Amino acid sequence: MKTANKKVTATRLVKDALEKAKHFEDYHIFTFLNEEGALKKAKEIDARIARGEKVGRLAGVPYALKDNFLSPEGETTASAHILEGFTSPVTATAVEKLEAEGAIMIGRTNLDAFAHGSSTENSYYGPTLNSHDRARVAGGSSGGSAVAVALDIVEFATGTDTGGSIRQPASFNGIYGFKPTYGTISRYGVVAMASSLDCIGFFTRTPEDMDLLMSIASGQDPKDMTTLPDYYNEAVASAKLDDSRLAPARPFAFGNSRPKGRALRGSGAHSAPVVADGLEPSNSCTRIGIVKEFDNDSVDTEIREALKEKCELLKSKGHEVVGLEMPTLKYALAAYYIIQPAEVASNLSRHDGIRYGFRSENSTDLDGLYEHTRDEGFMSENKRRIMTGNFVLSSGFYDAYFLKAAKARTLIVQEYEKAFSKCDFILSPVSPNPAFKLGEKVNDPVAMYLEDLMSVSLNLAGVPGLAIPAGKTKAGLPVGLQLVGPRRSDKRLIEFAKELA
Amino acid sequence: MKYIPTIGIECHVQLATKTKLFSEVDNDARGKEPNSCVSPVDYALPGMLPRLNGEAVRLAILAGRAMNCKINLESRFDRKHYFYPDSPKGYQITQFYHPIIGAGYVELPSGKRVAIEHAHLEGDAGKLTHFDTYSLVDLNRVDTPLIEIVSMPDIHSAKDAHDYCKELWRLMVYAGVSYGDLYNGNMRFDVNVSIAPEGATELGTRTEVKNLNSFRSVERAAEYEIARQTKLLESGEKIIQETRGWSDATGKTTGQRSKEEAKDYRYMPEPDIPPIRLSSEFVEDESTKLPLMPADYRKKFGGKLAGDTLEVLLDYPELMRKLGEVADEGAVLLSNLFASVLLAEEKSAEYLNDLPSAEDLNELCKMNLDKELSSTATKDVFLHLFDPQMRGRGTRTIAKELGIIQENDMGALEVIVDIVLAKPETAKAQADFKAGEEKVIGFLVGQVMKESHGKANPSAVQEILRKKLS
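Line by line, the protein sequences give chains A and B.
Under the working numbering, the residue at position 445 of the first sequence is numbered 445, and the numbers go up by one with no gaps.
Under the working numbering, the residue at position 272 of the second sequence is numbered 1272, and the numbers go up by one with no gaps.
These are computed hints drawn from the structure, not numbers from a lab.
Fair warning: this is a prediction, and the values are worked out from it, not measured in the lab.
Check the hints yourself; a few may be wrong.
Straight-line Cα separation of at most 30 Å, DSSO-like style, residue types lysine-lysine; simulated pairs [stated by the list, open to error]:
| hint | chain 1 | residue 1 | chain 2 | residue 2 |
| --- | --- | --- | --- | --- |
| 1 | B | Lys1018 | A | Lys223 |
| 2 | B | Lys1439 | B | Lys1423 |
| 3 | B | Lys1080 | A | Lys223 |
| 4 | B | Lys1002 | B | Lys1018 |
| 5 | A | Lys407 | B | Lys1018 |
| 6 | B | Lys1263 | A | Lys404 |
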């Protein structure tokens, strides 16, 4: 991460970033450019550097903020018409932590309205273009943030991931995108999509940057009761206490007869081995699981090739690749598209045109006010999810849909626990295809939802996933893979990603 | 045909926490500007998350224990969805599936028991004021912590409905769970009434009278509904299941909305609040903080005090607490002073907050029992114990300053009696008494009292007179 110093000032870094943002204006990356505010902050940091004062770990680093994070700088619109004109009086915890270290927000980035979508085409402000092919989608919902980092406008960008909204656009644009363990970063001040699935995370160009951002932004927040007790920065030490260890260690290996100690595979190649049972210390070998259910014709050939190549790379570095059967994952998409819309419908209830945001003028009574404000203020994808969500929660349907999905979710959690008793990490594609063409799927919701096939199960299980760049297709489109770990293995996961570079 | 009424009551109790159920904003909005006790969380800005107030959980435990209820060690919150401007989030956070308070019962003064089905924590809604062409929204009350207490349909008369509500009020106030200020809506009752022919195995169709805020209106509304439903059934008509409103002014209920078009609240587990998990040790520890409750006082004073006096005093927890502090010998006297003297005073409400010390009251009782104070003097000193000028000086000092300590010294009294008997104007009365005219003794006692400037103990005086005139 390039921080400001006496030679390269924060003002310089911010001006460069703003200039690049303007240069790429036609990509529709930003919904707001924070020119005045960013330069003012840059000057303050430069003054502190000039006085020889201590500055933060992100001093003068320009970043892009997904437009569903609340802060008083610029309107927080979530790229939705219904939040037009809404300036927040409060600041998201994540934003506070970044800015406390000196990071400077140069702009708010485009997204599918309320993060509903996998292409950023559902934005009220129009789609963001792919960094590698302007005829293709940026991915979504955090499309603007991904492209801002991929085009080198900023060092990093924030994102939210409810079913793949960080990992998929990261893979469509050839950068790193991390969805942490659920509850690692406070959701306070981030426009909620589906509360039990939403995770805050980042886009970066290196695993090192990701680690730095995670060590800054993670941690328990009294304002978010679902945050986990601090663990990220103590991750190496607490590897011994990791969830995965609670499952019995199984001396079971796919395709490898080499005898293994029942060692705890702690924190990848770079950490001290952890001894268990007094047997031989674990070497730097890590077991990587490959999900058999994802290895079929529905996944693009070039993506499957990329996965194979990475497996070979890992083997050549002395790691072990094991096959995994995870049959329950086939219920993930269905469960996700019940639980997520239910929570979406609930969370969007507050947008009624009464206290903030857009209010339709075409109403004469209360019901009309609700009806017209919500009809004009929401995008059709928002409405689709509100309808679905209210349907699955209706009395008479709750048991058949929501409750059943909740049970499937429990099975998926158990499926991951089982998988991580057999391997340390899972490597899989992020999405079945590389970036698709603009307009190709926007009118076919089911085709669009299928894009989320391999990403949503992580959100249901609450486990972390890091999208990593894995080369390009022959047509020059980035290919991404995701590295998945057990809950709270976040630091080790990011660390291990270096092995795949 | 005779009809048996069946009544079940839901009661919303506002908890006396410092801050709201899900935010750090002041929970007491009395006398404050509309929308001044509202945080971004209550106001439901996007991205805001509820933070559960631990004090509300503690008070819920006390409330549950006050009603002899089981406390559920794991409970959860749910969202109840509806659109209305009094609900900024578009849903109420409540406990639909897993309430914190389980089954229990409330015992009425009559000894009857009303079973509690469950009680749960939830946030209150805001307040709307309607005008001709517009309505104003005040969100101060949004997410004030409530417990909703749901009774079983165990009540069979309007009087018992009244007594149940009153007993609930007492339990909540004694437990310190609520301020119990009915005027400000601290407790609100929804009364479900149905009637069925005597001996029927199934309950009749019920109506629900919502938002009653006094025991009297609960009783009147229940009476009205029983009569209305009886009349309907007797004339062969059907009862419609519906919500009805009550008007204190007209003394009638009127139909509001029928349950057929009842809303679907689309309940969903609240994903922003993890389940509440309590250890049984914690619940026990908290339960020990429950002070003496009405049942305890009934046990303590039941044999001594007149039943109706006790029930009157039980409406004043401050008085009962004080009564519990003073020596047992004085309890009867004090309970009478409280019930018939203090509560008759114009400023009694003010006095309740600042009662005399137990020490002063014990002294007062002792002086009365020792006949140093007549019953009139006792009342007089009692009231002076509230006088800002006098209080703090001690009971005896006040009595001395008032100059109303009775003369009980027989020797001294005899001297005064002799003086009176020597007076010529008493000669006729003495003669009359000796001739058997019993009632003139009153005149003679009065003369002695006058001579003693009111300080003589009249019964002692009478005793001496009788002796001397026999």
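| request: Please flag the earlier hints that this structure goes against, numbers listed from lowest up. | output: 4 and 5
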